[in-house]
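Undergrad: For reference, the chains in residue letters:
Number of protein chains: 2
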Amino acid sequence: MRYQLFYWPGIQGRGEFVRLALEDAGAAYDDVARGKGGMDRMLAMMKGGRDKRPPFAPPFLKAGPRVIAQSANILFYLGPRLKLSPRAEADRLWLHQLQLTVTDFVKEIHDTHHPLGGELYYEDAKPEAKRFTGNFLAERAPKYLGYFETVLKKSGGPYALGRKVSYLDLSLFQLIEGLRYAFPKAMARIERKIPGVVGVHGRVAKRPRIKAYLASARRIAFNESGVFRHYPELDA
Amino acid sequence: MRYQLFYWPGIQGRGEFVRLALEDAGAAYDDVARGKGGMDRMLAMMKGGRDKRPPFAPPFLKAGPRVIAQSANILFYLGPRLKLSPRAEADRLWLHQLQLTVTDFVKEIHDTHHPLGGELYYEDAKPEAKRFTGNFLAERAPKYLGYFETVLKKSGGPYALGRKVSYLDLSLFQLIEGLRYAFPKAMARIERKIPGVVGVHGRVAKRPRIKAYLASARRIAFNESGVFRHYPELDA
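These protein sequence lines are chains A and B, in that order. The numbering of the first sequence is my numbering, which starts it at 1 and goes up by one. The numbering of the second sequence is my numbering, which starts it at 1 and goes up by one.
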């Protein structure tokens, strides 16, 4: 199966959580909207047209005739197929539950620069972003990351589900990588309390296919259009 | 199977999407935190204790030995068991994808009164709430509801998946009911463009078990501690 991934070109965003899974598994895929005519095709699919099941927003994955949207849902689908999740229903749902907590966290990370809605420019709500981010870095980020630290401890590690890596570990890598880019000062402080999660980040970064991917042109650099943005005035 | 639902007492919140499914199916369940000692039990489960798989936040469902969190994930689990979802994997994932879009919508609804974070009092960020809500009512709510209207049209109706009701239809009922409570003026305008979704609301409200539930003391009234809050100054 050759997959087709549809996501906004130019940013890692929510598509990156899917990309990391495809890359780690060595799956064959096209990053459609980054290719010629791909953006038009993506927008056409969002409008629905003949498709009975149009996605609300990118990322979405075309797998044969099926179109699957919502990053956590895509990973739930891909997990067993890419050997990045267990097969038993109870374990898959637990992994998915954790990934949905990542989704919630990512939304709050996004809101650090866009607390009043994604349609505004960052510059139009800077004091509000500062206020939101203050609470985010003091309370929310430590709470989410502390939760994943607890999950790791309870699993026995070194990965979130125990001995075997899963797509959630790839997402934890991305969270640490992105938060370090966005809030280097705050993260230096926060990371002291989450050695397990930081350990997952290190182990994932060394996985051969991930390492090759990160060094390739396929990995888009962090920038100030994505979810993780570095605005020094927000970092405390 | 007698289920145990854990959610904050006193509000409908995100727990209500699960409650509606349990009620519509006539499932046996306890609303644990609303009973004696239940709140202590819920908080203890969130801390983890002996449980290897603690939830991040309510709602969560205890089904035998399993604890399942995240409302969309709970519904995904319950769907086939309560006969509120199809059985084929592709159909179940499509339904779940739609429910995850409901989850995203609910988060934005929550943010109308708490754009700068859930820890503040509404009164501490009123101008920001007004600004967020202006965009929400002009752009976001019509976009989400318009999307579900499209899904309904494409399915052939009268329900989101076609002829058979699913847990998503119960959630669409709750969205309309809650948005009408919170923003009666804006909804009078918005509803003109989503007759299919409004039709689902009406059909769900007439389902015998839902009707009985809504008239019972088990249904908590909307109030200004929940997700859907009526602040007249926000309604345009």
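Hints are computed from structural coordinates only; laboratory data are not their basis. Please note that a few of the clues may not be correct.
Copies of the same chain look alike in the list, so a pair counts if it fits in one copy or across any two.
Computed list of lysine to any residue pairs in SDA-like fashion (alpha-carbon distance at most 25 Å, straight line) [as the list claims (entries may be wrong)]: (1) Lys143 with Gly117; (2) Lys62 with Lys154; (3) Lys206 with Gly64; (4) Lys107 with Met1; (5) Lys62 with Leu93; (6) Lys126 with Glu233; (7) Lys36 with His114; (8) Lys47 with Pro9; (9) Lys107 with Gly13; (10) Lys143 with Leu161; (11) Lys126 with His110; (12) Lys164 with Val67; (13) Lys36 with Ala138; (14) Lys107 with Gly117; (15) Lys47 with Ala138; (16) Lys52 with Gly157; (17) Lys36 with His230; (18) Lys36 with Val165; (19) Lys126 with Val165; (20) Lys52 with Asp235; (21) Lys143 with Glu119; (22) Lys143 with Asp40; (23) Lys153 with Pro195; (24) Lys154 with Pro184.
Undergrad: A separate judgement is required for each hint: does it hold in the structure or not?
TA: Hints, one by one, checked against the model:
Both within a single protomer and between protomers do Lys143 and Gly117 lie at most 25 Å apart by alpha-carbon distance, with minima of 23 Å and 14 Å respectively. For the homomeric pair Lys62 and Lys154, the shortest alpha-carbon distance between copies (19 Å) is at most 25 Å, but the shortest distance inside one copy (36 Å) is not. Taking identical chains as interchangeable, the C-alpha atoms of Lys206 and Gly64 are never at most 25 Å apart, the minima being 32 Å within one chain and 40 Å between chains. In the homo-oligomer, the alpha carbons of Lys107 and Met1 never lie at most 25 Å apart, since the shortest distance is 31 Å inside one protomer and 35 Å across protomers.
For a Cα distance limit of 25 Å, the shortest separation of Lys62 from Leu93 qualifies both inside one copy, at 22 Å, and across copies, at 13 Å. Taking the shortest Cα distances, Lys126 and Glu233 sit within 25 Å of each other both inside one copy (9 Å) and across copies (24 Å). In this homomeric assembly, Lys36 and His114 never come within 25 Å of each other (Cα to Cα): the closest approach is 31 Å inside a single copy and 41 Å across copies. Taking identical chains as interchangeable, the C-alpha atoms of Lys47 and Pro9 lie at most 25 Å apart only when both belong to the same chain, with a minimum of 18 Å there against 40 Å between chains.
For the homomeric pair Lys107 and Gly13, the shortest alpha-carbon distances inside one copy (11 Å) and between copies (19 Å) are both at most 25 Å. In this assembly of identical chains, Lys143 and Leu161 lie within 25 Å of each other by CA distance solely inside one copy; the values are 19 Å within and 37 Å between copies. Taking the shortest Cα distances, Lys126 and His110 sit within 25 Å of each other both inside one copy (14 Å) and across copies (21 Å). For the identical chains of this complex, Lys164 and Val67 are inter-copy neighbours only, at 22 Å across copies versus 28 Å inside a copy, given an alpha-carbon limit of 25 Å.
Taking CA atoms no more than 25 Å apart as the test, Lys36 paired with Ala138 passes in neither setting, with 43 Å inside one copy and 34 Å between copies. Taking CA atoms no more than 25 Å apart as the test, Lys107 paired with Gly117 passes in both settings, with 11 Å inside one copy and 12 Å between copies. In the homo-oligomer, the alpha carbons of Lys47 and Ala138 lie at most 25 Å apart only across protomers (20 Å), although the nearest pairing inside one protomer, at 40 Å, exceeds that limit. Taking the shortest alpha-carbon separations for Lys52 and Gly157, only the inter-copy value of 12 Å comes in at or below 25 Å, while the best intra-copy value is 42 Å.
In this homomeric assembly, Lys36 and His230 never come within 25 Å of each other (Cα to Cα): the closest approach is 30 Å inside a single copy and 48 Å across copies. Proximity of Lys36 to Val165 under the C-alpha cut-off of 25 Å is found in neither arrangement, the shortest distances being 35 Å within a copy and 41 Å between copies. In this assembly of identical chains, the alpha carbons of Lys126 and Val165 never lie at most 25 Å apart, being 39 Å within a copy and 45 Å across copies at closest. For a Cα distance limit of 25 Å, the shortest separation of Lys52 from Asp235 qualifies neither inside one copy, at 44 Å, nor across copies, at 34 Å.
In this assembly of identical chains, the alpha carbons of Lys143 and Glu119 lie at most 25 Å apart only when taken from different copies (13 Å versus 28 Å within one copy). Taking the closest pair of Cα atoms, Lys143 and Asp40 come within 25 Å of each other only across two copies (20 Å); inside a single copy the shortest separation is 40 Å, beyond that limit. Taking CA atoms no more than 25 Å apart as the test, Lys153 paired with Pro195 passes inside one copy only; the shortest distance there is 10 Å, against 50 Å between copies. Proximity of Lys154 and Pro184 under a CA criterion of 25 Å is satisfied in neither setting, with 28 Å inside one chain copy and 47 Å between copies.
Violation of the numbered hints given earlier is confined to hints 3, 4, 7, 13, 17, 18, 19, 20, 24; the remaining hints are satisfied by the structure.
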